[in-house]
Amino acid sequence: MAVGHGDSSSSDKKPTDALNDLQTFNAENLQSNMKVIYYSRTFLSIIGGVIAGILGFNGVIGIVFYFLVMAVTSAALAAKAKFSVHSYFDSWNRILLDGFFGGLMSFVLFWTFAYDIVHIF
Amino acid sequence: MGLGFTVGVIGVLILGHAAYSTIQYRSLLKITEEEFSGPPMEVVLELLVGLLFCMWAALTVPGKFLSVHPHSDENRYVSLCVRLRYSQIYCVVDFTGNTYVTLVRLTVSCLLCI
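Taken in order, these protein sequences are the chains called G and H. At position 78 of the first sequence the residue is numbered 79 (the working numbering), and the sequence of numbers has no breaks. At position 34 of the second sequence the residue is numbered 818 (the working numbering), and the sequence of numbers has no breaks.
Keep in mind the hints are simulated off the structure, nothing from the lab.
Taking lysine-lysine pairs in the DSS-like style, the calculated list, with each CA pair at most 30 Å apart, reads:
{"hint": "1", "chain 1": "G", "residue 1": "LYS81", "chain 2": "H", "residue 2": "LYS848"}
{"hint": "2", "chain 1": "G", "residue 1": "LYS81", "chain 2": "G", "residue 2": "LYS36"}
{"hint": "3", "chain 1": "G", "residue 1": "LYS83", "chain 2": "H", "residue 2": "LYS848"}
{"hint": "4", "chain 1": "H", "residue 1": "LYS848", "chain 2": "G", "residue 2": "LYS36"}
{"hint": "5", "chain 1": "G", "residue 1": "LYS83", "chain 2": "G", "residue 2": "LYS36"}
Quick look at which bits of chain G chain H covers, simulated, 3 or more residues with Cβ under 8 Å:
{"hint": "6", "segment": "33–42"}
{"hint": "7", "segment": "55–63"}
{"hint": "8", "segment": "75–85"}
{"hint": "9", "segment": "88–97"}
{"hint": "10", "segment": "113–121"}
By construction, the Cβ of each residue, glycine as well, lies at the ideal position given by its N, Cα and C atoms.
Just need the whole structure built from these sequences, with the hints factored in.
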């Protein structure tokens, strides 16, 4: 009967505790946001790899291209979050650095793949 | 989401076409026995367009960002309290969309949830 407050099972503390308000997050939504970032970065790493292969990049210039693509992705994700990162994440590092090196393996794989198809076979 | 997916597929097809054009350009260079220094300008533009399409798809298809504040509007649920003679009806819709209706035949003070 009692109408309680909207506590989902993933929220941590009482809503009246203002001091802890900044540390209380809806962890479910935070995880969902992290997944969105992960999928975006992985897909763009693959696309970046294909483009690097088609352009015929060799060596360091390819890695530089990867960092360029990731930097643009970070900027685009920040724009998607309307630059108010603290509404959707707990820190800027999530949006700028998370998954940065995770995509590197996919990038190199598809870079090699595309380069072989276009320039060697 | 359907539109984003379509744009992504178009972007990948554009990249495929650019790859095919580069293969043909290379076979032309083999005939003229020149070195490959880079694909032609049209192919570079095509790659850029493909990248933009794929980037747009990568940002829209995985879904929206949800607010992490526990008290934000999206996470709140609304309670509507209606006084009906000596009984009260509570209608509560929580953030998962479930609706609970409770009828209480007591004169209890109406608790509005914030």
